[in-house]
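K.L.:
Chain by chain, the residues run as shown.
Number of protein chains: 2
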Amino acid sequence: MTQPTDRTRLRRTHERGSYDKADIHAILDATSQCAVGYVIDGKPYVTPTLHWREGNHVYWHGSSASRAIRASKGVEVCLTVQILDGYVLARSGFHHSANYRAVMIFGTAEEVTDPAEKEARLNRFIDGLWPGRSAGLRPAQAQELKATTLLRLEITEASAKVRRGGPVDDEADYALPIWAGVVPVRQVIDAPEADPRNQEGVALPARGIGFEQER
Amino acid sequence: MTQPTDRTRLRRTHERGSYDKADIHAILDATSQCAVGYVIDGKPYVTPTLHWREGNHVYWHGSSASRAIRASKGVEVCLTVQILDGYVLARSGFHHSANYRAVMIFGTAEEVTDPAEKEARLNRFIDGLWPGRSAGLRPAQAQELKATTLLRLEITEASAKVRRGGPVDDEADYALPIWAGVVPVRQVIDAPEADPRNQEGVALPARGIGFEQER
Numbered sequence: 276m277t278q279p280t281d282r283t284r285l286r287r288t289h290e291r292g293s294y295d296k297a298d299i300h301a302i303l304d305a306t307s308q309c310a311v312g313y314v315i316d317g318k319p320y321v322t323p324t325l326h327w328r329e330g331n332h333v334y335w336h337g338s339s340a341s342r343a344i345r346a347s348k349g350v351e352v353c354l355t356v357q358i359l360d361g362y363v364l365a366r367s368g369f370h371h372s373a374n375y376r377a378v379m380i381f382g383t384a385e386e387v388t389d390p391a392e393k394e395a396r397l398n399r400f401i402d403g404l405w406p407g408r409s410a411g412l413r414p415a416q417a418q419e420l421k422a423t424t425l426l427r428l429e430i431t432e433a434s435a436k437v438r439r440g441g442p443v444d445d446e447a448d449y450a451l452p453i454w455a456g457v458v459p460v461r462q463v464i465d466a467p468e469a470d471p472r473n474q475e476g477v478a479l480p481a482r483g484i485g486f487e488q489e490r
Numbered sequence: 276m277t278q279p280t281d282r283t284r285l286r287r288t289h290e291r292g293s294y295d296k297a298d299i300h301a302i303l304d305a306t307s308q309c310a311v312g313y314v315i316d317g318k319p320y321v322t323p324t325l326h327w328r329e330g331n332h333v334y335w336h337g338s339s340a341s342r343a344i345r346a347s348k349g350v351e352v353c354l355t356v357q358i359l360d361g362y363v364l365a366r367s368g369f370h371h372s373a374n375y376r377a378v379m380i381f382g383t384a385e386e387v388t389d390p391a392e393k394e395a396r397l398n399r400f401i402d403g404l405w406p407g408r409s410a411g412l413r414p415a416q417a418q419e420l421k422a423t424t425l426l427r428l429e430i431t432e433a434s435a436k437v438r439r440g441g442p443v444d445d446e447a448d449y450a451l452p453i454w455a456g457v458v459p460v461r462q463v464i465d466a467p468e469a470d471p472r473n474q475e476g477v478a479l480p481a482r483g484i485g486f487e488q489e490r
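Just so you know, the sequences run in chain order X and V.
Read left to right, the first sequence gives residues 276 to 490 (the working numbering).
Read left to right, the second sequence gives residues 276 to 490 (the working numbering).
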């Protein structure tokens with residue numbers, strides 16, 4: 276369980292919120308898409324990227340030359356995940372809503388600098404999505420690891436927020452002849468597109484986590 | 276065409292970038308999911324929400340009591356959209372990548388306060404997703420409009436960034452017996468779940484924009 280702070284305490288619709296690490300971890304594992312917020316000269320920036328989780332840390336990486344990466348290392352960031360699960364259609368505009376799973380994490384983005392540690396964590400990112408894949412790849416070169424910055428954030432100041440279920444309308448509105456309900460959305464995988472330069476007989480990797488939405 | 280600024284100029288992989296309004300609009304229209312970044316006491320916050328576009332403005336809304344909404348109105352925000360189109364698997368970890376379409380918009384979030392204007396814009400949000408739906412709904416009440424804050428951002432300081440296509444490997448690595456290619460992902464819609472309290476014979480609304488990924 277994380278401790279709610281002034282930043283993570285859910286003030287509105289708090290029945291949708293959770294500070295439970297299992298809930299937070301499950302949402303982080305269900306998608307690789309996140310948005311990282313940081314501040315440059317007092318102004319907000321949000322960079323979309325991919326993340327993965329190991330234990331109680333969330334990791335992301337980027338080019339060491341990237342402004343987003345340089346501006347977010349060693350400083351306060353806010354990492355947010357949003358999974359849209361459906362549109363909630365009600366009998367009034369006001370009660371339209373969305374079903375979703377979201378996580379917000381606050382903290383200082385810490386750079387992982389040890390090359391062996393970096394390589395292990397980056398391999399774990401690939402293996403999370405494609406189990407066992409990293410062992411078969413051409414090994415990382417020292418300059419590739421140098422050109423890559425790996426950042427992580429401990430999941431201590433964090434909260435989850437989830438909305439599930441159908442519309443909740445004003446009682447009188449249930450008599451209206453309006454279609455109400457949920458239109459679910461989810462992410463799916465299409466047929467893989469093999470590189471035309473693949474060697475003969477190579478096999479498509481199996482899928483790992485991060486594809487949870489394909490239910 | 277928007278003018279690149281210090282914040283929107285793409286420094287790396289700039290061949291993936293565009294300042295063309297048509298490109299930016301098309302990505303904003305292809306999803307309703309976005310993340311809004313703002314600053315409180317010098318620290319970054321990112322709130323996931325839904326947006327829509329009308330002309331050269333992007334709109335979003337929330338409860339007037341929401342901290343995220345109160346903290347972002349009238350101040351500098353960064354609104355980001357990220358659509359993940361696929362995982363790009365290469366023959367080295369370093370050249371793994373993702374196909375995506377992204378937009379970043381910077382500016383001051385302007386509150387729309389006129390009730391009639393608010394109602395028209397909020398109806399447009401619903402009608403964008405479900406054409407014609409708003410006209411059949413129970414009309415908005417004054418206190419509902421008051422409880423809703425509508426924000427907008429002009430699309431002037433903005434950029435798009437898109438990656439498409441297969442992996443680009445080091446020339447020597449093409450000889451390796453490793454599966455490489457693209458694993459496409461997209462968002463789809465599942466069978467709608469009607470509210471059990473629906474009146475008999477009500478019809479499911481037709482779908483509008485924002486579902487472009489269902490190709």
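Derived by calculation from the structure, the hints in this document are not laboratory data.
Please note that the accuracy of each hint is not assured.
One copy or any two copies: either way a pair holds, since identical chains are not told apart in the list.
Claimed, not checked - With a straight-line Cα cutoff of 25 Å, these simulated DSS-like cross-link-like pairs (lysine-lysine) come out:
1. K318 <-> K348
2. K318 <-> K296
3. K296 <-> K421
4. K436 <-> K393
5. K348 <-> K421
6. K393 <-> K318
7. K318 <-> K421
8. K393 <-> K421
K.L.:
Indicate, hint by hint, whether the structure satisfies it.
P.N.:
Cross-check of the supplied hints:
Within a single copy, K318 and K348 get their C-alpha atoms as close as 16 Å, and across copies as close as 14 Å, so both meet the 25 Å cut-off. Taking identical chains as interchangeable, the C-alpha atoms of K318 and K296 lie at most 25 Å apart only when they sit on different chains, with a minimum of 23 Å there against 30 Å within one chain. Taking CA atoms no more than 25 Å apart as the test, K296 paired with K421 passes in neither setting, with 32 Å inside one copy and 36 Å between copies. For a Cα distance limit of 25 Å, the shortest separation of K436 from K393 qualifies neither inside one copy, at 31 Å, nor across copies, at 27 Å.
When the C-alpha separation of K348 and K421 is checked against a cutoff of 25 Å, the pair qualifies only within one copy, where the shortest distance is 15 Å, while the shortest distance between copies is 40 Å. Within a single copy, K393 and K318 get their C-alpha atoms no closer than 30 Å, and across copies no closer than 28 Å, so neither meets the 25 Å cut-off. With identical chains, the CA atoms of K318 and K421 are never at most 25 Å apart, being 29 Å at best within one copy and 29 Å at best between copies. In the homo-oligomer, the alpha carbons of K393 and K421 lie at most 25 Å apart inside one protomer (10 Å), although the nearest pairing across protomers, at 51 Å, exceeds that limit.
In summary, the numbered hints that this structure violates are 3, 4, 6 and 7.
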